[in-house]
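Engineer: All chains should be modelled from the sequences, with the hints used to inform the complete structure.
2 protein chains.
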Amino acid sequence: MVKIGIVGVGTVGEAVIKNLEKNKDLIKARAGKEIKAIKGVVRDINKKRDIDIPLTTDYKEVTRNPEIDIVVELMGGVESAYEVVKDALLHNKAVVTANKALLAYHRFELQKLAKTPFEYEASVAGGIPIIKALRDGLSANHILEIKGIINGTCNYILSEMKKGRDYKEVLKEAQQKGYAEADPTFDVGGYDAAHKLLILASIAYNIDAKPEDILIEGIENINLTDIEFAKEFGYEIKLLGIAKKTGSEIELRVHPTLIRKEEMISKVEGVMNAVSVIGDVVGETMYYGPGAGGDATASAVISDIIEIARGNKNPMLGYKIPLELEKLNLKPTEEIKSKYYLRIAVNDKLGVLEKIANILATNNISIESFLQKPRNGYVKLLFATHICKEKEIKKAIDEIQKLDFVIKPVNYIRIEE
Amino acid sequence: MVKIGIVGVGTVGEAVIKNLEKNKDLIKARAGKEIKAIKGVVRDINKKRDIDIPLTTDYKEVTRNPEIDIVVELMGGVESAYEVVKDALLHNKAVVTANKALLAYHRFELQKLAKTPFEYEASVAGGIPIIKALRDGLSANHILEIKGIINGTCNYILSEMKKGRDYKEVLKEAQQKGYAEADPTFDVGGYDAAHKLLILASIAYNIDAKPEDILIEGIENINLTDIEFAKEFGYEIKLLGIAKKTGSEIELRVHPTLIRKEEMISKVEGVMNAVSVIGDVVGETMYYGPGAGGDATASAVISDIIEIARGNKNPMLGYKIPLELEKLNLKPTEEIKSKYYLRIAVNDKLGVLEKIANILATNNISIESFLQKPRNGYVKLLFATHICKEKEIKKAIDEIQKLDFVIKPVNYIRIEE
Numbered sequence: 001m002v003k004i005g006i007v008g009v010g011t012v013g014e015a016v017i018k019n020l021e022k023n024k025d026l027i028k029a030r031a032g033k034e035i036k037a038i039k040g041v042v043r044d045i046n047k048k049r050d051i052d053i054p055l056t057t058d059y060k061e062v063t064r065n066p067e068i069d070i071v072v073e074l075m076g077g078v079e080s081a082y083e084v085v086k087d088a089l090l091h092n093k094a095v096v097t098a099n100k101a102l103l104a105y106h107r108f109e110l111q112k113l114a115k116t117p118f119e120y121e122a123s124v125a126g127g128i129p130i131i132k133a134l135r136d137g138l139s140a141n142h143i144l145e146i147k148g149i150i151n152g153t154c155n156y157i158l159s160e161m162k163k164g165r166d167y168k169e170v171l172k173e174a175q176q177k178g179y180a181e182a183d184p185t186f187d188v189g190g191y192d193a194a195h196k197l198l199i200l201a202s203i204a205y206n207i208d209a210k211p212e213d214i215l216i217e218g219i220e221n222i223n224l225t226d227i228e229f230a231k232e233f234g235y236e237i238k239l240l241g242i243a244k245k246t247g248s249e250i251e252l253r254v255h256p257t258l259i260r261k262e263e264m265i266s267k268v269e270g271v272m273n274a275v276s277v278i279g280d281v282v283g284e285t286m287y288y289g290p291g292a293g294g295d296a297t298a299s300a301v302i303s304d305i306i307e308i309a310r311g312n313k314n315p316m317l318g319y320k321i322p323l324e325l326e327k328l329n330l331k332p333t334e335e336i337k338s339k340y341y342l343r344i345a346v347n348d349k350l351g352v353l354e355k356i357a358n359i360l361a362t363n364n365i366s367i368e369s370f371l372q373k374p375r376n377g378y379v380k381l382l383f384a385t386h387i388c389k390e391k392e393i394k395k396a397i398d399e400i401q402k403l404d405f406v407i408k409p410v411n412y413i414r415i416e417e
Numbered sequence: 001m002v003k004i005g006i007v008g009v010g011t012v013g014e015a016v017i018k019n020l021e022k023n024k025d026l027i028k029a030r031a032g033k034e035i036k037a038i039k040g041v042v043r044d045i046n047k048k049r050d051i052d053i054p055l056t057t058d059y060k061e062v063t064r065n066p067e068i069d070i071v072v073e074l075m076g077g078v079e080s081a082y083e084v085v086k087d088a089l090l091h092n093k094a095v096v097t098a099n100k101a102l103l104a105y106h107r108f109e110l111q112k113l114a115k116t117p118f119e120y121e122a123s124v125a126g127g128i129p130i131i132k133a134l135r136d137g138l139s140a141n142h143i144l145e146i147k148g149i150i151n152g153t154c155n156y157i158l159s160e161m162k163k164g165r166d167y168k169e170v171l172k173e174a175q176q177k178g179y180a181e182a183d184p185t186f187d188v189g190g191y192d193a194a195h196k197l198l199i200l201a202s203i204a205y206n207i208d209a210k211p212e213d214i215l216i217e218g219i220e221n222i223n224l225t226d227i228e229f230a231k232e233f234g235y236e237i238k239l240l241g242i243a244k245k246t247g248s249e250i251e252l253r254v255h256p257t258l259i260r261k262e263e264m265i266s267k268v269e270g271v272m273n274a275v276s277v278i279g280d281v282v283g284e285t286m287y288y289g290p291g292a293g294g295d296a297t298a299s300a301v302i303s304d305i306i307e308i309a310r311g312n313k314n315p316m317l318g319y320k321i322p323l324e325l326e327k328l329n330l331k332p333t334e335e336i337k338s339k340y341y342l343r344i345a346v347n348d349k350l351g352v353l354e355k356i357a358n359i360l361a362t363n364n365i366s367i368e369s370f371l372q373k374p375r376n377g378y379v380k381l382l383f384a385t386h387i388c389k390e391k392e393i394k395k396a397i398d399e400i401q402k403l404d405f406v407i408k409p410v411n412y413i414r415i416e417e
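Residue numbers (the working numbering), protein chains in the order written: chain F, 1 to 417; chain Y, 1 to 417.
Hints were generated in silico from the structure; no laboratory data involved.
Where a beta carbon is used, it is the ideal one built from N, C-alpha and C, also for glycine.
Among the clues, some could well be false.
[Claimed, not checked] Below, computed lysine-lysine pairings styled on DSS-like, alpha-carbon distance capped at 30 Å:
1) F/261 x Y/327
2) F/402 x F/168
3) Y/327 x F/18
4) F/60 x F/112
[Unchecked claim] Under 7 Å between C-beta atoms, here's a sample of chain F residues computed to sit facing chain Y:
5) 129
6) 132
7) 299
Structural biologist: Dropping the structure here:
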């Protein structure tokens, strides 16, 4: 029998315990062994819970418990989770975690420390087995590109805005439905997606970047004009986590993106997640499913537990690309190239377009398409550019912003084609 | 070093050899060992080939070669491939195959025989790692349902017909482009999809059905009227392989299907493949990618080789659901329940609708929606029914067909909701 200790018995922890019990015959058949959660670690031992296993408030009763084979960390947060996982690994427990924030900061360190299996399928895109796909299914491939819808809150908000609804109104509704936190910054600001992107990139490229090293922008500035522009030119707007290999450099970035509506990933609606992966041998494959929720996350957590119970050696061993094989560096943000969409609100005066076009040309930015929309008392100029560098467009936007007839903050969205 | 022998050096075989060479450093890093194809078995040794390994016409030089660790069977066909794979397994070679026809008939027998790893990721949906997803990523789940677009030829033809193009014209074009064979029956008749469905079902349900046991219908009778009806009522028409668990019975069927255009799998266009899987814990996940082609198939074949080279024990062991655990029987075709769309061409006479409605009612079939379209000199009646049994609808269709005002064969398409 394989015995599990669970640190953090909230929504996901309860779902893991319940599903291990509900599907125990199936799980035993598939793992080759019975699997049982025998202890939980909680902060508040008096809270009413819908599960029936012994609880403690001291994580060491799990991490150092000679009876326990696998420690499942579901407490969230970075530093105290780090302490727990480290203690478990040092005491030769296998560890399964769903904690993306922990992994965004400490995955390499913990992976190096691990002499036992250390698995985290649930940390990215909930129930979608994307980590196993990268590690096993696509193992023959150099990964050229990853594009992920890996934050359901943002995808829900953007999907609703397509119906003509206002950002603030939809956000409020998402909060009421429980899709968004009271402080939504972590989701709508792109930080949650960035944590997950870093985990995917570490598996695909063995690159040890931290959130503060990469470009992260949220969906807070998207408005209905942008949605209209997207419709008119055949795009969808999605918050994407993008990892891209060009030569020996890796681009990592999270931002709202205009993406052609023919692309499969642009068709993902509502709270669902999807990750598109382009491999040099296979081409594009995509993985779609629920990115959050107790049961969906438990499905991934238990799949890791079953894998460990099957008794295969640390399945991450033999996977990592040794750094001496491929020296991949993070591309500096200002060197990233993209097409851009620009939204510029101006007073309707003579020569306005000429001055803006001049700034774009001076900064090496050529225009692919252009749309002018009158509003009450002012005009919106909507541009789509050809490919240019991040630093060029930023400089151009700064200059445009300073023009006296520009009456609102200039907004931009990157275009992926 | 892990040494490979390849039986059948056609498009896929060449792609395996080339990609093993092209990505050898990456593959070595991920497998933990160097992997090298050292011998190929071909029918015509004098044919010009773009690869550089020793060739033979005698498969025993591979299956009984003490130097060789893994035999990769890519020759196609059933009986001679069976002979080769059996010989390899009996001589304790690990076997990787992409041969869906072989597996549709002999997978259980070969799996039982295997004392060494026996893997076949490439046999279903080409480059999409769907078998590993079922086996590993979704291992915590009872699989409630599988819906697959697993024949690219059919999906291409149906996608083109949506543009208003005729079936025969598109089929001819598909043949010219190499998407369809000179004799297209195997693809357009649903047999290829059936082979793949049986493989998926054997992994999800451990059910040993053969192609002749299950419902298989092709896309040959779809016409532009059906496409118009689908558009009008918010459906897409797709050839789906469907496996569904209801109680202790499994439904297995391949047929054209009307499916709501909001469903993710209905959005798959052209030659691409996708498999949607509903698990009792995770809900719906979907896997999308190229279902054919030398490189895409090679990606899956090599992922199996890497898995074997990593040295994990037979990864299929411990996966199978023992039959004593779940006694799942194949549901008889006539007991399958579905909604149906009916296309009935009639002479425009008094009382026509009444007589047809009467036949439907007598057979317990109630009508959900109805559309009447005039054509040159006759009328098309298009019905969508509520859920009824296969045997009821078949009886009703027989009766309707005999009415003297029905001037063409009645066509039907099942509706999945």
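Engineer: Given residue 299 of chain F as an interface hint, is the shortest Cβ-Cβ distance to chain Y below 7 Å?
Structural biologist: holds, 4 Å
Engineer: Need the status of pair residue 402 of chain F, residue 168 of chain F: alpha-carbon distance at most 30 Å?
Structural biologist: holds, 28 Å
Engineer: Below or equal to 30 Å on CA atoms is what counts here, so check residue 261 of chain F against residue 327 of chain Y.
Structural biologist: violated, 45 Å
Engineer: Return the status of the interface hint for residue 132 of chain F: holds when the least beta-carbon distance to chain Y is below 7 Å, violated otherwise.
Structural biologist: holds, 5 Å
Engineer: Tell me if the straight-line CA distance from residue 327 of chain Y to residue 18 of chain F falls inside 30 Å.
Structural biologist: holds, 24 Å
Engineer: At a threshold of 7 Å, is the proposed contact between residue 129 of chain F and chain Y supported by beta-carbon distances?
Structural biologist: holds, 2 Å
Engineer: Hint check: residue 60 of chain F vs residue 112 of chain F, CA-CA at most 30 Å. Holds or violated?
Structural biologist: holds, 22 Å
Hint violations for this structure: number 1 only, all remaining hints satisfied.
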